[in-house]
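Trainee: Got chain A sorted already, so can you dock chain B onto it with the hints?
Going down the list, the protein sequences come from chains A and B. First residue of the first sequence: 62, per my numbering; consecutive thereafter. First residue of the second sequence: 62, per my numbering; consecutive thereafter.
Think of the hints as simulated: they come from the structure by calculation, not from any bench. Please note that a few of the clues may not be correct.
Subject to a maximum C-alpha distance of 25 Å in a straight line, what follows is the list of computed BS3-like cross-link-like pairs (lysine-lysine) [stated by the list, open to error]:
1) A:Lys202 with A:Lys129
2) A:Lys119 with A:Lys91
3) A:Lys119 with A:Lys129
4) A:Lys165 with A:Lys70
5) B:Lys228 with A:Lys384
6) A:Lys384 with B:Lys227
No experiment lies behind these values; they were computed from the predicted model shown.
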Amino acid sequence: MDLLEPIIKIAVVLGALLTASAIVVLFDRKFSAYIQNRYGPNRVGPGGWMQSIADVVKLVMKEDIVPKAANRFVHDLAPMISITVALTTFAVIPFGDTIPLFGKEYNLIIADVNVGILYILAMTGMGVYGLTLAGWSSNNKYSLFGGLRSSAQLISYELSMGLSLIGVIMIAGTLQIDDIVRSQTGYWFGWIPQWNVISQPIGFITFFVASFAETNRLPFDLPEAEPELVGGYHTEYSGMKFGLFFLSEYANMIVSSALITALFLGGWHLPFAETWGLDPLVLALLKIGAFMFKMFIIISFYVVIRWTLPRFRYDQLMNLGWKVMLPVSIANVLATGVVMLWLTR
Amino acid sequence: MTLEQLMFYGLGAVGIGSGLLVVTRRNPVMSALSLVLNFFCLAGLYLTLNAQFIAVIQIIVYAGAIMVLFLFVIMLLNLRDERALSDRLSARKIIGAGLAFGLLLQVLYILMSAADGFPQKDEALAVSTGTVEVIGVQLFTTFLFPFEITSLLLTAAIVGAVLLAKKKLD
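So that you can see chain A by itself, here it is in the shape it has in the complex (with noise of 0.2 Å):
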């Protein structure tokens, strides 16, 4: 019976991190052709919203090329090294304050361990094997250009991420992801939620940048670049395997929006709820649908920025990192220090 439990939450979470993703391909889309004054998919059911179904299908029904002159096995591997990166992540992610379920009190989150936020760092910086594997066995110029600025571009942002976290753990003295969601759930003066984004607002802006460059987006999506690179690492991917990637590429951002949301804006937490008196079953729904909420508005940010900022050039992303972010996000912790120390003086 001790199975059982994990095992459901692992199969309920990955059906709707799957399912979400497909729907944030199709909110891209969409989003996108409403900022670009045209229509978007409008075909496939409803206001064409089953898009992404069909897209799915064609892509698995879709023949798998492989050029003759790569190499098979780790062409074969890169894409199942990038989703099963992105899908693991969420597993150490609370989702919801815990819920009473027949009975008994059941906490939303796969794995509650003790060193979640370096479990989050360790598995996002897995995510470049993908890319720069793809990249080099494809055998291909293009490709390989793409594999190597991944590598690159991860490594440089990787350190900034980290150390934009350190202010967080400070904060709440803690590296369990659940705690760290409980520690921000107090109000200052009564009124202000108690959230890491006001308390460490320079943190939060690093984060969120490097986190544009952990997931390959836009102004940071140099390891595809399109115009230059034709696709870069997954020039010579095609079907399900292309779908792979793709479909990583949204599962990072659903899971690094949800990482913002545990560690800034409060997780699961909706201000002044548990004052309204509701029945605990309903407010631990209404806690998921705030988590859920505060995704989305973090997933229109990426959208919206996409189509807002033009792609940075190599060396300026370079330069951003090492020269801008990361001397910004030491200072950042040193400054979380003085304050500490001046607080509990």
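Mentor: Just chain B, lined up with the frame of chain A:
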């Protein structure tokens, strides 16, 4: 067999297998990938010993940073497949392999003949020493001086690397 033993033998087998692949693959990229797999097995073994911090750091530092740089360099240099070992097997190498095998036999003999064999795992001690909190407190109290010296050493290494890189550019 308990789940823990199953984990130990499973991870150990995959770890040894991937370790062998590291030295037998001719393609340097495949060697590097096998090494990454080996690191994951090691991290899993650390987890069975309740050393969560070491396990995650193992993945972040070795698999996430160092091996990515390795791959980066291998891909940049576009290394060809290594030649087969038999092409350049000399007397020196055969003697070296023989000596290594002798050393392995010696180590095995000492381990087998030790009176109490392998030390038993102390569950309570493992739980109380492997967590981030305990390691952090130890680093900043008992081992503060070695910790700071290490960071100084790393800074010196970085300065040296920058200097070397600059010299080549001029």
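Trainee: Hints first: check each against the structure and report whether it holds.
Mentor: Hint-by-hint comparison with the structure:
1. The suggested pairing of A:Lys202 with A:Lys129 holds, with an alpha-carbon distance near 15 Å, which does not exceed 25 Å.
2. Restraint check for A:Lys119 and A:Lys91: the C-alpha separation of about 19 Å stays at or below 25 Å, so the hint holds.
3. For the hint linking A:Lys119 to A:Lys129, the alpha-carbon distance of about 24 Å falls within 25 Å, and the restraint holds.
4. For the suggested pair A:Lys165 and A:Lys70, the alpha carbons sit about 15 Å apart, so the restraint of at most 25 Å is met.
5. In summary, the hint linking B:Lys228 to A:Lys384 is supported, as the alpha carbons are separated by about 21 Å, within the 25 Å threshold.
6. The hinted pair formed by A:Lys384 and B:Lys227 meets the criterion: a straight-line CA distance of about 17 Å does not exceed 25 Å.
Of the hints listed earlier, there is not a single one the structure fails to meet.
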